[in-house]
Structure formats: structure tokens, C-alpha cells
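Can you make the complete structure from the sequences, with help from the hints?
Chains as they are written, first to last, in numbering that gives the first Met the number 0: chain B, 0 to 127; chain E, 0 to 173; chain W, 0 to 696.
No wet-lab data here; the hints were simulated from the structure. All the pointers check out, no bait thrown in.
So, partial list: chain B residues that the calculated Cβ filter (under 8 Å) puts toward chain W:
no. : residue
1   : 90
2   : 93
3   : 120
Distance condition first, Cα-Cα at most 30 Å in a straight line; then the derived DSSO-like pairs of lysine-lysine:
no. : chain 1 : residue 1 : chain 2 : residue 2
4   : W       : 155       : B       : 124
5   : B       : 63        : W       : 322
6   : B       : 125       : W       : 234
7   : W       : 216       : B       : 99
8   : W       : 234       : B       : 124
9   : E       : 41        : W       : 330
10  : E       : 119       : E       : 140
11  : W       : 647       : W       : 624
12  : B       : 124       : W       : 216
13  : W       : 234       : B       : 98
14  : W       : 219       : B       : 98
15  : B       : 48        : W       : 346
16  : W       : 234       : B       : 107
Just so it is clear, CB atoms sit at the ideal spot from N, CA and C, and this is done for glycine as well.
Given next are the chains, with one letter for each unit.
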Amino acid sequence: MANEKKRVLIVDDAQFTRNILKNIMSKTGYVEIVGEASNGKEGIELFKKLKPDMITMDLVMPEKGGIETIEEILKIDSNALIVVVSALGQEALVLEAAKKGAKDFIQKPFKTEQIIEVLERILKKKAK
Amino acid sequence: MISESEKNKQVISVILFEVEGEQFCIDLLTAREIIPKGQIRKLPQTFEFVEGIYNYRGDIIYIINLSKKLRLFEYKTLKKKEEAQEISEAESNKYIIVVNINNINTGFLVDRIINISHVKANAIVGLSPIFETSISIDYIKGIIKFDDRPRILLDVEKVLTEAEQTQIQKELNK
Amino acid sequence: MSVSKDDIKLFISEAEDLIQKVEDEIFKLEKDPNNTKPIQELYFAFHTLKGLTAMGGLNNASKFCHYFESFLDNAKDKKIEDVKQDDFIRLLFDSLDLLRSILKRVKQGDMSDIEEKFLNSIKDSFEEFESGPETDISLISPITPENFKKVLDDKKNLFYKIYIRLQPTCVFKKVRLFIIIRALNEYGQIFFSKPEPHLLEQGDIKVDFELYYLSQKIDKDILQVLDEILEIENKVITPLKIDEVKALIDEDITPWFKSDKKQVSGSKAGPIQRSKIAKVQKIEDISKIVDTHEEDAKITSLKVDINILEKLMNYFSELVINKNQITQILKNKGDLELIRMFDEMDKPFLEIQEIIFDLKLVRVESTFRKYRRLVRDVGKEVGKKVQLILEGTNVEIDRKILEELNSPLIHLLRNAIYHGIETPSERKKQKKDEIGTIRLATLRKAGLIFIEVEDDGEGINYENIRKKIIEKGMYAEEEASNLTHEDLNRVILMPGFSILEDADQISGRGMGLAIVADKIKQLGGSFSIQSEEHIGTTFRLMVPFTRAILSAQLIKVAGDLFAIPTENIKQIYLYNKAMVESVGDTDYYRLDSDLIPIIDLNQYLKFDENNYKKGSDTRIAVWVKKDENISAIFLIDEILQQLNVVVKPFKFSYSDFYNILGSTIMSDGSICLILDVLSIITSYMMDNKFTKLTSIQ
Chain B
0 MANEKKRVLI
10 VDDAQFTRNI
20 LKNIMSKTGY
30 VEIVGEASNG
40 KEGIELFKKL
50 KPDMITMDLV
60 MPEKGGIETI
70 EEILKIDSNA
80 LIVVVSALGQ
90 EALVLEAAKK
100 GAKDFIQKPF
110 KTEQIIEVLE
120 RILKKKAK
Chain E
0 MISESEKNKQ
10 VISVILFEVE
20 GEQFCIDLLT
30 AREIIPKGQI
40 RKLPQTFEFV
50 EGIYNYRGDI
60 IYIINLSKKL
70 RLFEYKTLKK
80 KEEAQEISEA
90 ESNKYIIVVN
100 INNINTGFLV
110 DRIINISHVK
120 ANAIVGLSPI
130 FETSISIDYI
140 KGIIKFDDRP
150 RILLDVEKVL
160 TEAEQTQIQK
170 ELNK
Chain W
0 MSVSKDDIKL
10 FISEAEDLIQ
20 KVEDEIFKLE
30 KDPNNTKPIQ
40 ELYFAFHTLK
50 GLTAMGGLNN
60 ASKFCHYFES
70 FLDNAKDKKI
80 EDVKQDDFIR
90 LLFDSLDLLR
100 SILKRVKQGD
110 MSDIEEKFLN
120 SIKDSFEEFE
130 SGPETDISLI
140 SPITPENFKK
150 VLDDKKNLFY
160 KIYIRLQPTC
170 VFKKVRLFII
180 IRALNEYGQI
190 FFSKPEPHLL
200 EQGDIKVDFE
210 LYYLSQKIDK
220 DILQVLDEIL
230 EIENKVITPL
240 KIDEVKALID
250 EDITPWFKSD
260 KKQVSGSKAG
270 PIQRSKIAKV
280 QKIEDISKIV
290 DTHEEDAKIT
300 SLKVDINILE
310 KLMNYFSELV
320 INKNQITQIL
330 KNKGDLELIR
340 MFDEMDKPFL
350 EIQEIIFDLK
360 LVRVESTFRK
370 YRRLVRDVGK
380 EVGKKVQLIL
390 EGTNVEIDRK
400 ILEELNSPLI
410 HLLRNAIYHG
420 IETPSERKKQ
430 KKDEIGTIRL
440 ATLRKAGLIF
450 IEVEDDGEGI
460 NYENIRKKII
470 EKGMYAEEEA
480 SNLTHEDLNR
490 VILMPGFSIL
500 EDADQISGRG
510 MGLAIVADKI
520 KQLGGSFSIQ
530 SEEHIGTTFR
540 LMVPFTRAIL
550 SAQLIKVAGD
560 LFAIPTENIK
570 QIYLYNKAMV
580 ESVGDTDYYR
590 LDSDLIPIID
600 LNQYLKFDEN
610 NYKKGSDTRI
620 AVWVKKDENI
630 SAIFLIDEIL
640 QQLNVVVKPF
650 KFSYSDFYNI
660 LGSTIMSDGS
670 ICLILDVLSI
680 ITSYMMDNKF
690 TKLTSIQ
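What follows is the structure, given as C-alpha cells:
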């Protein structure tokens with residue numbers, strides 16, 4: 000069990016952000032980025048297909064925003080682990096996301112340590 | 000009522016323009032824009048003084064031929080009529096003054112724009128009976144005493160609404 | 000603001016509906032106090048009443064409704080304690096009485112507002128129930144000092160003080176607090192905090208705070224819960240002894256409860272939940288109710304000012320024009336890639352168009368049903384019995400147009416009641432039903448809305464009209480006697496005519512029917528009258544379905560650009576002179592076994608002689624239809640492309656040219672006039688004294 004990598008789905012409309020998240024997380028050695036989505040709609044589809052252990056979720060995206068996506072994913076699996084990755088100045092939105100069921104949040108621009116903290120505190124704790 | 004001293008200080012801006020050799024002014028505040036005449040689309044079954052309709056920045060407005068509306072030709076003395084005929088086609092009806100009354104844009108077709116003048120409020124006087132005018136007094140808001148000579152300040156609103164009422168009269172007479 | 004008599008009538012009618020609704024819902028709530036649905040309905044009702052009273056100039060009454068609205072807004076999220084429920088219901092009934100008394104006054108013509116001091120006393124009554132302004136975090140449930148005894152006695156309960164310091168980089172304090180409190184509430188209950196709960200819930204902290212926590216879990220487990228939360232720099236959990244808790248209650252919690260600030264706390268002060276499971280269940284129950292109700296009440300809708308929609312529509316329409324212009328230029332330049340990209344814009348554009356249309360459309364029922372009351376009341380006013388029958392109420396129409404039709408329709412209805420419907424005794428004499436009927440029928444066809452206001456009254460007395468117009472010198476006696484009913488109908492609509500009516504008949508309404516006709520014209524529609532003595536009168540309105548985008552066929556007539564709505568076009572042919580057959584004065588075009596009347600648009604649109612193109616052989620015949628039976632062939636010069644155009648209503652201020660239903664601007668900026676097929680065929684019929692324009696078989 001310890002040798003199996005944790006599976007993460009990244010949902011963010013900026014390629015740049017997705018790349019950074021991918022880099023940081025894969026470098027730990029215990030995370031596998033199983034999918035990337037550039038909007039909420041894709042995010043939901045990939046979630047259904049891949050059933051990842053954790054999802055990082057951007058809030059402002061085309062096609063379907065983060066809040067709606069969080070709602071729909073939690074409808075599919077109420078135990079889904081969603082961590083919001085938001086921009087500065089979006090507190091009300093993040094609060095709403097948390098109320099909808101997001102587990103926690105980090106802000107852009109984030110430091111590597113913050114992502115690691117997310118993995119250590121939240122992802123690793125998730126039971127299979 | 001405005002006191003004399005206040006009147007002295009108040010300045011009104013007017014557009015000075017020319018139609019059929021006659022010069023008139025209108026209050027700058029009523030004017031929206033002055034544009035060179037473009038394609039005016041003729042409409043059938045309209046009054047003679049309606050030149051047509053025009054696309055003014057997406058708003059379709061009526062263009063009124065001011066000389067026809069004011070019936071300038073009729074008021075001219077014979078001599079002037081002869082002179083007037085010499086003004087070539089190319090020189091007349093070159094500009095449109097777009098006015099905005101009651102939130103509706105209408106265009107006045109005029110020959111020439113002379114300038115925009117700023118006159119003191121007390122330079123505007125009412126009509127006196129001895130003053131000979133080239134147009135019906137209904138259209139006159141006042142006379143502006145310019146340095147060189149007086150000119151008529153047109154009552155734009157009257158010019159427009161009277162046109163509409165003529166429309167209704169026409170309906171009644173059908 | 001000045002309120003007209005009609006407005007007052009409508010106000011009364013609407014207010015009565017709402018007050019009735021309020022009463023119904025209060026009864027429902029009384030029967031089942033735990034049902035949040037009536038609260039939801041009451042919330043909406045008070046919200047609407049708030050707007051209504053504001054419109055009527057009753058500002059204090061509006062504020063009153065606003066207080067209730069906010070009060071109910073809070074109430075619908077929280078359960079009302081059993082003990083307070085009776086007071087709650089009573090308060091609602093009191094509000095109902097107040098509303099009723101306001102309405103009674105208005106009915107007596109007294110539009111005066113309720114007094115300010117009364118408002119204040121109402122506000123105070125709310126304080127008891129009011130849980131304060133909405134705060135974002137509402138998860139702290141303080142325990143009332145009274146309930147603590149129970150809590151303290153339960154040996155399974157453990158008390159803790161949790162000290163938390165957030166990382167200095169934490170910016171979203173509210174969210175962070177929310178997440179922490181949420182996690183803790185899963186395994187116990189936070190019953191107090193420092194800073195005090197109302198401050199904490201507003202995120203009003205520096206970096207650290209203390210939570211007083213009650214749980215049946217051990218401290219290690221609680222720490223683990225907090226381990227999973229980000230941005231916590233330091234956390235310390237200290238178990239509390241019973242006397243420490245008691246001291247806290249005495250020194251901090253009780254004074255806090257007594258102070259006003261307690262009211263600001265977001266959640267209700269309620270008895271402690273005995274076990275975590277029970278609490279979680281209760282939350283689930285409530286959320287289930289809210290969920291199902293949300294579906295019913297469609298909380299996901301919002302009220303939008305119609306003018307904003309109008310602006311949106313206009314801007315969007317401009318965008319469509321601009322896009323077309325750019326596409327045109329690109330086509331000329333031949334840049335394929337750009338053209339392709341612009342073509343891709345079509346899909347979102349079309350979708351947005353659809354959405355905006357739908358937003359702008361509303362069922363006529365929403366406004367028309369209010370007329371029932373109006374008709375009854377106005378009828379009573381003049382001692383007549385009248386009922387209004389509505390037909391076709393689910394026809395949808397542009398919101399703005401409906402708004403603008405309100406005034407003219409009310410006028411027509413009043414007109415029908417005043418002049419149309421006879422008194423009950425008169426009707427009996429004529430063997431008619433005592434109750435007069437006015438029929439308001441709506442129909443949508445071919446992009447147009449037809450509205451009929453038909454009464455079964457005494458009809459127009461044309462002889463009277465004739466007399467009047469002779470009296471006033473509009474026509475000479477002989478001319479007047481030659482005027483047909485149709486002619487007279489047109490005369491009635493002239494602005495000058497109503498001056499002739501007796502002031503008391505028209506009840507001082509000014510220009511009357513002419514204004515209605517004018518208003519309809521402004522909307523791009525038409526208006527006509529039909530009447531028969533003793534049988535009744537029918538007013539017919541026709542307005543365009545929506546003043547926006549239309550599919551049109553561009554054509555040229557006498558060198559000028561026109562367009563015909565594609566929905567009016569049956570078929571287009573190359574004009575073949577051989578197909579023309581004359582019957583009497585009229586030319587017909589032969590199509591299979593039918594002869595269709597020809598209208599030569601060059602002639603008909605009456606252009607000046609210079610532009611007149613006569614009978615060029617390469618003309619186009621367009622078969623247009625007015626309705627199933629009536630069609631015509633329009634002879635035109637040229638056929639251009641078909642496209643979607645944005646229709647601008649045409650102002651008829653200086654023009655008689657009523658054959659136009661609107662105008663549009665082409666990509667090159669030139670103006671295209673959109674022909675009103677209906678109007679052209681109709682006036683052609685009149686001009687040529689056709690009683691019918693049917694095709695000959």
C-alpha cells in the first residue's frame with residue numbers, strides 16, 4: 000500500500016499553473032498526476048473516469064466554474080478530496096467553495112512548501 | 000429671473016451656420032454633433048422638407064432639409080433669388096447638424112458651418128416688431144447681437160415639433 | 000411620485016393577491032411549524048410587497064415589508080425554537096393585519112403611509128427573533144447558561160480549550176476559520192470562543208484565537224483533526240475541568256449572552272445536541288428540506304431590471320452588426336483563416352441570442368391576469384357588471400413590449416367598460432346576459448402578436464360619430480354620409496377626433512384612442528377597430544413578436560435596399576411576363592391553378608419619378624403571404640442574400656410610410672428598410688377597394 004502512488008487530478012485553465020503543480024507533486028515520488036483538465040466540464044469527466052485520490056481545483060474557469068464543478072463532483076462522490084487553488088482577492092469565492100465541500104485551499108502564487116504541506120497533511124491521510 | 004450682472008457673466012455657445020446664404024445660430028447644447036453629409040436614404044411619402052433617413056452611428060435618424068423647412072426660398076427678395084441660384088449644387092447641403100431633443104436624434108441639413116461662437120447671455124434679445132425676418136417668427140428663439148451684425152437664434156424644438164404636428168394635420172385631412 | 004388612478008387600482012389588486020397569499024402561508028405554517036416552505040413563500044411575498052408599496056409611494060410600509068423580508072430570510076435557514084414559534088406566528092398575523100389596514104385605507108383613496116414610530120416598534124419586536132445580520136460563518140452554537148446544567152451532568156462530555164495560531168501568511172482568515180470550525184463541529188461542538196463568537200464569525204481576529212470545545216473525543220483525536228488543516232502555525236489543546244468550565248460560564252459566557260452582541264451571533268441559541276450523531280442527522284434533515292424546497296422555489300433565479308436586459312440586448316445587437324461588418328470586410332480581403340475564426344463566432348452568438356430572447360420573453364399571463372380585477376372594479380365603479388375572459392395567456396412576448404402595452408390595454412379595457420358594455424338593465428332589455436363580457440385574446444403568428452379586446456356591448460354608434468364630425472367641420476354632410484364604417488374607424492383614431500368627445504365620456508383622459516394607436520405604432524405594430532351596433536366592438540392590436548433579430552431576404556426595389564421577413568415568403572420566381580393575366584383592373588400571376596394578385600412594389604412604394612424603373616424584364620416575383628388565404632406577388636427588381644438582421648423599430652415621426660415594420664443597418668452602413676408585408680397587402684386592398692384579396696382558382 001505504501002508503494003502505491005497517490006493519484007491526483009489537476010483542474011486549472013492555465014497550462015502554466017498545471018505544469019508547476021505537476022512538477023512539484025511528481026517530484027515527491029509518491030504522487031502520480033493522472034489527469035489534467037482545463038475547465039470544469041473536462042474536470043468532471045476526468046473525475047468520473049479516473050477516480051483520483053485528490054483534485055486540485057481552480058475556481059475561475061471557462062465552460063464551468065470551480066464552484067459548480069465542486070458541487071457536481073461531490074454529488075458523484077461525497078468523499079472526494081478537493082483542494083482549491085485560488086487567486087488572491089477571491090476570498091468570498093473560496094469561502095463559497097469551502098461551504099460547498101472543498102476540503103481546503105491554497106493561494107496563487109504558492110510556494111513549493113505549501114504544495115508539499117497539502118500533500119502531507121491532506122493527501123497522505125486519505126484512506127484508500 | 001437672472002439678474003443683469005449674472006446675465007453679463009453667463010456665456011452661451013452657439014453654432015453659426017449658413018443655409019441658402021442666410022446665417023443662423025443654434026444653441027450648442029441642443030447639438031449632438033456636426034458631421035459631413037453622407038448617404039441619406041430617401042423615403043417615399045414624406046414631406047418635402049424631409050431629406051430622408053440616415054445612419055448616425057447605428058441610430059437611424061431623420062434628416063430635415065432646413066432651407067426647405069424654413070421655407071427660406073419663399074422669403075427671399077427677387078434679387079437674392081437670382082443670386083441664390085448661382086450657388087452650385089456642390090456647395091450646398093454639405094453638413095448635417097445632429098440635434099438631440101427629448102432623447103431623439105434628428106439631423107439638419109445645412110450648407111456651411113461657419114464657426115462656434117460664445118456669446119454673452121445679454122447679447123440675446125427678443126424680437127422686436129420692426130425686425131424683418133427671413134423666416135416665420137415661430138422658429139425664432141431670439142436675436143443674437145454679434146459684433147458685425149445680428150443673427151437669428153433658431154428654436155430647434157419648435158422647428159421639429161411643428162414638423163410632427165404637420166404630420167398629424169395631414170392625417171386629419173386625409 | 001404621482002400615482003394615477005389606474006395604478007392605484009392595480010396596486011390594490013396586486014396587494015390583495017399578495018396579502019391573501021401571506022394569509023394562506025401563515026395558516027400553513029401554523030399547522031406545521033417545522034415546514035420551511037411557507038416561510039420561503041412568505042419571504043417572496045413580502046419581498047414583492049416591499050417593491051409594490053415602494054412603487055405606491057408608501058415608503059414606511061415598504062420598509063416594514065423589508066424588515067419582514069430579512070427576518071424571514073434568516074428564519075428560513077434556521078429552525079425556530081418550539082417555545083418561540085407561537086410568538087413568531089402571532090407576529091406574522093399582526094403583520095397581516097397591518098397590511099390589511101393599509102389596503103383598506105388605499106381603497107378609500109387614502110394613500111398615506113404608516114407612521115415611522117410604528118416602524119420602530121415593529122423593529123423591536125423582531126429583535127427577539129432576529130438572529131442578526133447574515134454572517135458567513137455560522138457554526139458556533141453557544142450554549143445558554145440554562146442548558147449548561149444538563150451538559151455538565153452528562154459524564155461523557157469532555158471540555159477543552161483549543162488555542163490556535165494561524166500562519167502569518169494567512170490572508171483568507173474567514174475561510175480558514177470556517178474550515179477549522181467545520182472540522183471541529185464534526186466531532187463535537189464549539190460552545191464559546193475568544194474573541195467572542197460574533198467577532199470570530201466575522202473573521203475579526205489577528206493571528207490567534209481560542210475555542211472552547213465540547214466533545215466526547217479525546218484530545219489526541221481532536222489534534223489529529225486539526226492536523227489535516229493548512230495554515231495553522233501552532234495549536235494547543237487543554238482539557239478543562241468542570242469548575243473551570245463553570246467559571247467560564249459565570250465570568251464570560253453569561254455576560255456575553257446578556258449583552259446585545261449575542262444577538263449578532265449567526266446561529267440560534269439552542270439546546271445542546273446530545274450526541275454527535277443526532278446533531279449530524281438534524282443538519283441533514285434541514286438541508287434535505289432546503290434542497291427540495293430549493294428545487295420548488297427555484298432560488299437560483301434572480302430579478303433583473305428590464306432596462307438592463309434591454310441594454311444588454313442592444314449592445315449585443317450592435318455586436319452582431321459589427322461582427323457582420325467585419326466578416327464582410329474579411330470576405331473582401333479573402334483572409335480565409337480569419338473568416339473561419341469569425342464563422343466560429345456564429346455559434347456562441349446564436350446561443351447568446353437565444354438566451355437573451357428567452358430572458359426577454361415573458362408570458363402575457365403575468366400582466367393580463369391582473370386585469371381581471373381591474374375590469375371588475377371599474378365595472379362596479381360605473382354600475383355595470385363586467386367580466387374579463389382571457390385567452391391565449393401563455394403566449395410569450397418581449398418583456399419591454401408587454402410593459403409598454405400595459406397602458407394602452409388598460410385604456411382599451413376602460414373604454415370597453417365605459418362606452419361598450421351597457422348597464423345590466425339595458426342589457427336585459429336587449430336579451431343579453433346581465434354580465435357583460437370582455438374578451439382579451441392573444442395569439443402569436445408569424446413573428447407577430449395579435450391581441451384582441453372584444454366586448455359584447457353596444458358597439459360604436461356610427462351615426463353619432465358622423466354627426467360629430469359634421470358638427471366640428473371635419474367633413475361636409477354629404478362626404479360624411481359616404482364614409483363607410485371602416486373609414487369612420489380610421490377617423491376615430493385621429494388625434495383631432497377625441498377633442499370632439501364629451502369630456503365626461505372620456506373621463507378626462509386626453510387623446511384617448513389616438514394615443515393608443517400611436518403607441519402601438521411606436522412599437523412597430525398596428526391597431527384597428529371593428530364594431531357592430533348592439534353586438535359589440537373589437538379592438539385589434541398587432542405588435543411584432545420581438546424587436547430584435549429577424550431572418551430577412553434582402554431585395555432591391557427602384558435601386559433601394561429593402562428586406563422581406565423570410566417567414567412571409569412562400570416562394571421566389573424569376574418574373575415571367577407570360578404568367579400575367581388581367582382580370583378587370585387587376586393583374587394576376589398564374590401559379591399552377593391559382594391566380595395571385597400582383598403588387599408592383601416599384602409603383603406601390605411610390606418612389607419619385609427619377610428612380611422609377613418600369614417593367615424591366617429581369618424582375619423578380621416574390622410570393623408573399625399574409626395568412627392562409629391571402630397572399631400576393633410582389634414585383635421587385637433584384638434579389639440579394641438572406642441574412643439575420645437586427646431590427647430597429649422605425650420612427651414614423653416625419654413619415655407616412657407605414658409599410659415599414661422596421662429598419663436595419665447593413666454591414667456597409669447603409670440603411671435597409673424592412674417591409675411590413677401585412678400592411679402592404681392590407682393597404683393595397685383598401686386603396687383598390689378590394690373587400691378581399693384572394694387568389695382566384
